[in-house]
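Top line first, the protein sequences correspond to chains E and P.
Just so you know, we're using our numbering here: the first sequence kicks off at 2 and counts up by one.
Just so you know, we're using our numbering here: the second sequence kicks off at 5 and counts up by one.
Watch out, some of these pointers could steer you wrong.
[Unchecked claim] What the simulated footprint calls covered on chain E by chain P, stretch by stretch (three residues with Cβ under 8 Å from a Cβ of chain P suffice, anywhere in the stretch; the number is not a length): (1) 14-26; (2) 73-87.
[Stated by the list, open to error] Here are the in silico distance ranges between beta carbons for each label pair: (3) P194(P) with D68(E): 15 to 23 Å; (4) D68(E) with L152(P): 22 to 30 Å; (5) E182(P) with I120(E): 54 to 62 Å; (6) G66(E) with D274(P): 44 to 52 Å; (7) S48(E) with P311(P): 25 to 33 Å; (8) Q270(P) with K80(E): 18 to 26 Å.
[As the list claims (entries may be wrong)] Cut-off 30 Å, straight-line C-alpha distance, at most; resulting in silico cross-link-like pairs (BS3-like, lysine-lysine): (9) K101(E) with K174(P); (10) K180(P) with K124(E); (11) K127(E) with K210(P); (12) K121(E) with K223(P); (13) K121(E) with K312(P); (14) K27(P) with K73(P); (15) K180(P) with K98(E); (16) K61(P) with K23(P); (17) K27(P) with K91(P); (18) K11(E) with K68(P).
These are computed hints drawn from the structure, not numbers from a lab.
Computed from a prediction, not measured in an experiment: that's the story for all the values here.
A virtual CB, placed ideally from N, CA and C, is assigned to each residue, including glycine.
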Amino acid sequence: MEKSENKIRKYKIIIADDDQAICDSMSMILVEMGYMVETTGDSNTLSEIIKNKPDLLLLDIWMSGMDGRDIAKQLKANKDTQSIPIIMISATRDIMKSAKVAGADDFITKPFTMEELLIKVAKYCKTS
Amino acid sequence: MLELLGKLSEKSERFKIGKTIAKEFGARELLIFIKDPELDILLPASGFSQTLEHADKWQIFLKKCVKLKYHSDQLLFNTTVTGVAYKDECVFLLVGGNPDKQLVESVVPILPLLASIMQYEQFEIQTRAKLLLSEKTMIEMQGVEKKLNTARLELQVALGKTEQEIIERKRIEKEKDEFIGMATHELKTPVTSIKAYAEVLQWKFKKAGDLVSANNLGKMNTQLNKLTSLIGDLLDSTRIDSGKLYMHKELFDFDELVVEIIEETQRITDRHTLVLDGGTKRKIVGDRERIGQVLTNLITNAIKYSPKADKIFITSKSIDKNITVCVRDFGVGISRDKQAHVFERFYRVSGPKQDTFPGLGLGLYISSEIIKREGGRIWVESVAGEGSTFCFTLPINKGIK
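From just these sequences and the hints, can you work out the full model?
This is the structure:
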């Protein structure tokens, strides 16, 4: 485990969710697994963090005052940010299609297990 | 005499003049009959008495007059009736007395004139009657049209109302959908974070060697999974109710799904061994997650309702264009009369023995709705006290092997 932790430590993940407990608990899991994590529930702050070019963005679909799909669209339309993989998080998988249309690379449904989350994340933060 | 006869052209004077003329002829009464072109019989001209007793006898007499031009006979109660006719158009008829034949026949030359005047009158009367009738019809028609217009208006109003109602219902449905979406989000978000905390803590404790704490957190996690499943069932049932249970389509390996679900559900029971038999070796098109949900439901039910058994058999096979999966348990079973109801919403097999089985009574209802939407069939075979076998079939899409 220690070995793989060292290997994946370089990956930087941003969690964008307006629910503090979600940000906190998810980052707890990811930090425990050796990822670098930043969290925000504010779309303005998000654009600031994006400038630091994360390796992955975990984006909630319903953030207060902002639709995650709009953020995804904007990021995918921008040359500087379009390569950042986006995993959308939602409570209902009925949004899956529109999330894909908005440019999301993947999708995860609440509530997810730790295992599910880690598998999804590892897909975009390959250790090899 | 001619002057008197001329006065007959005046309808209003006709009855009085008739009496005078009859007297001149030595008779009691004068009657003039003219042909009704529509009925084709001779009827009393207007201005004369319109009702005559023994109408049939009069008609026979009049026909004789027409035939013989002049005719005189005892018609009623020793009353002599004398008549002259102009073709079959007009009969000049004297009642009573014994009028002179020559005198009566002297009237014949003026009969065509009288006939034409009286026929014209009749025509006028009939036309007026027809006009009156048509006017009445018109009024009736107008009434009907008015009613029709009212009905049309009412219909339009009703349609407008229905349209409004539809718009309103759509609005409510949209609100309901939005509410469901919001509720899903609101209910699932805290569960997600609790679950994440529990899992990461379990992992941490395990790593630190505190297996008791890790085990307790594992139990907490199991309960959270139950809560998640209950929230899911409630939302699915609401979705079915509003026709919003959307099915996704994807091609997937069916056997892989079965193995995956068996592995997952095996984790929730220590008592039972889940035994898989057979396989379909097929890929099917359908909603993998939803079909998995059905299988999970059937296996968790089998575990729940067979607390004293130690085995559950899962068989899968493909026959022709269908795949069939059965889950067999050796539990409490379902009596025949209750079997038909198990797929109904909120239905729960209850009884003195089954009192202790918790649940919302939605699982099999949702499962049957999912299978229905996938074009398959779900059923149960069971003997009370011996166990149940729940099966479902799904179609294998054409051209996919």
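_Just to be careful, I want the Cα atoms of K127(E) and K210(P) compared with a cutoff of 30 Å; is the pair within it?_
25 Å, holds
*asked:* So if I understand the rule, the pair passes when the alpha-carbon distance is 30 Å or less; does K61(P) with K23(P) pass?
replied: 23 Å, holds
*Lying within 15 to 23 Å: is that true of the beta-carbon distance P194(P) to D68(E)?*
21 Å, holds
*Taking 30 Å as the top limit, are the C-alpha atoms of K180(P) and K98(E) close enough?*
Judged against 30 Å, a Cα distance of about 21 Å means the pair holds.
*With a cut-off of 30 Å on the C-alpha distance, tell me whether K121(E) and K312(P) pass.*
39 Å, violated
*Agreement of K101(E) and K174(P) with the hint, judged by alpha carbon distance not exceeding 30 Å*: It holds: about 27 Å lies between the C-alpha atoms, which stays within 30 Å.
_Holds or violated: the 22 to 30 Å window for the beta-carbon distance between D68(E) and L152(P)?_
53 Å, violated
*Verify the proposed pairing of K11(E) with K68(P), using a straight-line Cα cut of 30 Å.*
133 Å, violated
*Under the criterion that the straight-line Cα-Cα distance not exceed 30 Å, is the pair K121(E), K223(P) satisfied?*
25 Å, holds
*Starting from K27(P), check that the Cα of K91(P) is at most 30 Å away, please.*
26 Å, holds
*Do three or more residues from the region 73-87 of chain E put their C-beta atoms closer than 8 Å to C-beta atoms of chain P?*
This one is violated; 0 residues, fewer than the three required, reach chain P with a Cβ under 8 Å.
*Can the suggested window of 44 to 52 Å be confirmed for the beta-carbon pair G66(E) and D274(P)?*
The hint (44 to 52 Å, Cβ to Cβ) holds, given that G66(E) and D274(P) are roughly 48 Å apart.
Going through the hint list in order, the structure does not satisfy hints 2, 4, 5, 7, 8, 10, 13, 18.
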